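J.: Below are the chains, spelled out letter by letter.
Protein chains: 2
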Amino acid sequence: MMHLFFDPDLHADTSMLSEEEAHHAVHVLRLQAGDRIGLLNGRGARASAEIVTIDKKQCRVRIIGLEQGPPERSGTIHLAVAPTKQMERFEWCVEKCTEIGVDRITPLLTFRTERSRIRKDRLERIAIAAMKQSQRSWSPTMDDPMDIAALLRQARPSQRYFGWCTGDHQALTALRRPGDVLLLIGPEGDFTAEEADLLRTNGSAAVSLGRARLRTETAAVVGCTLLNMV
Amino acid sequence: MMHLFFDPDLHADTSMLSEEEAHHAVHVLRLQAGDRIGLLNGRGARASAEIVTIDKKQCRVRIIGLEQGPPERSGTIHLAVAPTKQMERFEWCVEKCTEIGVDRITPLLTFRTERSRIRKDRLERIAIAAMKQSQRSWSPTMDDPMDIAALLRQARPSQRYFGWCTGDHQALTALRRPGDVLLLIGPEGDFTAEEADLLRTNGSAAVSLGRARLRTETAAVVGCTLLNMV
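For the record, the sequence lines run as chains D and V.
Letter 216 of the first sequence, counting from 1, is numbered 215 in numbering that gives the first Met the number 0, and no numbers are missing.
Letter 226 of the second sequence, counting from 1, is numbered 225 in numbering that gives the first Met the number 0, and no numbers are missing.
It should be emphasised that the hints constitute simulated quantities derived from the structure, not laboratory data.
These figures come from a predicted structure and were not determined experimentally.
What you were told as hints is all true, and nothing was included just to trick you.
Identical chains blur together in the list; that is why a pair holds if it fits in one copy or across any two.
Listed below are the simulated DSSO-like cross-link pairs for lysine-lysine, each with C-alpha atoms no more than 30 Å apart in a straight line: (1) K56 to K131; (2) K119 to K84; (3) K131 to K84; (4) K119 to K56; (5) K55 to K131; (6) K55 to K119.
Full structure from sequences and hints, please.
T.: Right, here's the structure in full:
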């Protein structure tokens, strides 16, 4: 199995790995000129390449074959999830949702969200690593944090659901139909009644993700699992 | 919401919290005599209780009401999963599967399992904490590690599946019927062909858990999610 590397600017001809990727190639994998590697751009393109030059800081490769793969799903999955107080849990969430399948992740700021600052660059790296680990070629877009109103203005899918423990809801699996989906997962304290009203008014349906009250990051992973079943 | 504590020997009348639980009650929650708490035994019983005496090491409570709840599922879920190299990932797996719903967890020793020693007491504590967190009254039984042959002799469900990336498989959701289920999740390197033959010969069907190749702990969480849908 070829080692996979990430190049967001992947195109035919040649590529220069980032310093981080070059460092991994040199110091961890001990690759050399002439070795073959795989390249991904996180948007479906996959290339095989041969290392031309390699040193501590740089790695230039020659692209041998470049293929654009189709999307993994016919309906895109956009997950908006409240960042957890412990950053590790949110990072776990991003990693697992990427493995299972998600197209866009928005850190969601709500009244009861316990953390407003996130390290987007770190979350992007975690998603890219998860993509490579599962040998796929799509990595989710990571947004900057935004509140519900901003999300509703930006989000593309018309099919919208929010996890709701407090009041009336139906099973996500009962409502889900083919096509693009937006799923909102609230903080540990749940969405407020006003937020639930705002969401319902804007076309989101309240859903349950199972029998139990789940932690935020667990609900996100369960939601992605259920949405990938279609 | 009442604070929940664990007492495996819960019965009517009185209870003495373990030293660990007493410490939490005193030093973290600052509870006092007269305070009300909830008690769980991990097997469906839930009691409300009043603290009688409390000090640094002990906490005695008087049981006010004791109820035995029904099982959460009509069909039990037995998960046998290869311990991961990084213990943290396996601990996440136990925590998340407990949140989502599982009755018995067996650390599974296979040819390619990357870790044979686990801390059963620590995993049990993690499962109990997850049970309390999700305010439910059932916590999975945790087994000592065992190999496939021993598992097949011990396991009760006749409906058996194993996650299988390498060869022919069907979607778990397509095969699953009501009733008790055993789901085996192999190590990062997958089950060997011989192990797959052994499993098939003993009535286990090879299943896929989705489109992607998942890490062991992710596959276990996805599997639990799908099995809890019935």
